[in-house]
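Chains as they are written, first to last, in this note's numbering: chain D, 1 to 137; chain P, 1 to 137; chain S, 1 to 137.
No lab work stands behind these hints, which were simulated from the structure alone. Even for Gly, the Cβ is constructed at its ideal location relative to N, Cα and C. One should not assume that every hint holds.
Which bits of chain P does chain S cover? Going by a derived footprint, with three or more residues having C-beta under 8 Å, they are [stated by the list, open to error]: (1) 38–50; (2) 65–77; (3) 92–101.
Here are some of the chain P residues that sit facing chain S, going by a computed Cβ distance under 10 Å [claimed, not checked]: (4) Ile4; (5) Val15; (6) Ile34; (7) Ser82; (8) Asp83; (9) His85; (10) Val86; (11) Thr88; (12) Thr124; (13) Ala126; (14) Val127; (15) Gln128; (16) Ser132.
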Amino acid sequence: MEEIRVRTGERNALVEITAQVEEAVRHTGVREGIVVVQSLHTTAALTVNENADPDVVHDVLRKMDEIVPGTEPYYRHAEGNSDSHVKTSIFGPSLTLIVHHGRPLLGRWQGIYLCEWDGPRERTVAVQVMGSQEGTA
Amino acid sequence: MEEIRVRTGERNALVEITAQVEEAVRHTGVREGIVVVQSLHTTAALTVNENADPDVVHDVLRKMDEIVPGTEPYYRHAEGNSDSHVKTSIFGPSLTLIVHHGRPLLGRWQGIYLCEWDGPRERTVAVQVMGSQEGTA
Amino acid sequence: MEEIRVRTGERNALVEITAQVEEAVRHTGVREGIVVVQSLHTTAALTVNENADPDVVHDVLRKMDEIVPGTEPYYRHAEGNSDSHVKTSIFGPSLTLIVHHGRPLLGRWQGIYLCEWDGPRERTVAVQVMGSQEGTA
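Isolated chain D (complex conformation) (with noise of 0.2 Å):
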């Protein structure tokens, strides 16, 4: 198992890792298996989307927001952060991507994120790779 850091600038961002997961993947010489990325916070996710054009993380966040605004009348917990909460859990806890070849395997468009909804922040997010070495599962 390793830890990442990730340090978010805004409160609603989502942060490219593609490049430490491929890393913590490599530490461990797995050549065919899967990598498991989970975030260790209630108000941070993880996703897999282009990375190609930033429009579409813009949209991606904004449509989010639309979808669970900051502030509704019936709210209860006092942090102020239900919507984060609930993105969290709509996007997810954690990813499980398939390793092939000692990498990540993505599409070519595709790319790994951390999904902040409650930063700015220093995030941890955990690795773990599981198969062989030999290259076959």
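Once you've looked at the hints, dock chains P and S against the given chain D.
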């Protein structure tokens, strides 16, 4: 593979099952690896969220009910639980967590929840643990 | 690792791929373990939901379209498929299921679906199976 039974008491509820998942991991003797927790139902999901302030659970349930209400003019499914199916896919039918030092790895405020979206019912959650008993993945 | 090709016929569609995933698991000979099913696209996701009444799929698609419509005044992404990216992160790019008795473990009404959010297209789904051929995880 081990099964956990969960009795839910409301139509919508987040029922914490952290202790049961921890016990299932302990039974296997795995020290380093992963645990997959899977709902065997199409109207119950799994998530991780805060287990300190119960108001978080209240707010998550209330907001999800607003995003996906129980009735819509265009719903066709005769059982009247289309919302339950939508919420299940939004939160996800299974959850993969890292196992570290013989336990599911969880941040300070994280708990594992069965998400009941069409209760009250008795639900079955399956748990599979993969890894090494020697303390390195 | 094995790849499944899926041809989708609509812009939004849930295409059942249970049989193909079962076949990929069978090919490996794994009896107890897990299977990771991963979309290699940023506008197609994976989920599990009911495969008995097709009205469930209708209602899920319709509701998701209402939550995340195709156009919003604030969308910037020039390809015009921002909704597809949002839906993909909401449902999730990959799915991990338990393998038990040589098959993906599924409840009575559960089927595995590729979620097409920007079709029609030909999609690639990668499948990785981990576990033991001897019948214990």
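Outcome of the hint check:
Note: the stretch 38–50 of chain P has 5 residues with beta-carbon separation from chain S under 8 Å; the three-residue rule is met and the coverage holds. Beta-carbon proximity to chain S at under 8 Å applies to 7 residues in the stretch 65–77 of chain P; the threshold of 3 is reached and the given coverage holds. Given as covered by chain S, the stretch 92–101 of chain P passes the check, having 4 residues with a CB less than 8 Å from a CB of that chain where 3 are the minimum. Given the 10 Å rule on beta carbons, the hint for Ile4 of chain P is violated: about 13 Å separates it from the nearest Cβ of chain S.
Interface restraint check: Val15 of chain P against chain S, minimum CB-CB distance 17 Å, threshold 10 Å, status violated. Taking 10 Å as the C-beta cut-off, the interface hint given for Ile34 of chain P holds, the closest approach to chain S being about 8 Å. Taking 10 Å as the C-beta cut-off, the interface hint given for Ser82 of chain P holds, the closest approach to chain S being about 4 Å. Of the supplied interface hints, the one on Asp83 of chain P holds, with its beta-carbon coming within about 8 Å of a beta-carbon of chain S, less than 10 Å.
The criterion of a C-beta within 10 Å of any C-beta in chain S is met by His85 of chain P, whose closest approach is roughly 5 Å, and the hint holds. A hinted interface residue such as Val86 of chain P counts as satisfied when its beta carbon comes closer than 10 Å to some beta carbon of chain S; here the least separation is about 5 Å, so the hint holds. Among the interface hints, the one on Thr88 of chain P holds; its C-beta lies about 7 Å from the nearest C-beta in chain S, closer than the 10 Å criterion. For Thr124 of chain P, the interface hint holds, since its Cβ comes within 10 Å of a Cβ in chain S; the closest pair sits about 8 Å apart.
The beta carbon of Ala126 of chain P comes within 5 Å of a beta carbon in chain S, closer than 10 Å, and the hint placing it at the interface holds. The beta carbon of Val127 of chain P comes within 8 Å of a beta carbon in chain S, closer than 10 Å, and the hint placing it at the interface holds. Satisfaction of the interface hint for Gln128 of chain P is found here, the shortest Cβ-Cβ separation to chain S being roughly 4 Å, below the 10 Å cut-off. The closest approach between the C-beta of Ser132 of chain P and any C-beta of chain S is roughly 12 Å, which is over the 10 Å cut-off, so the hint fails.
Consistency with the previously given hints fails for numbers 4, 5 and 16, ordered from lowest to highest.
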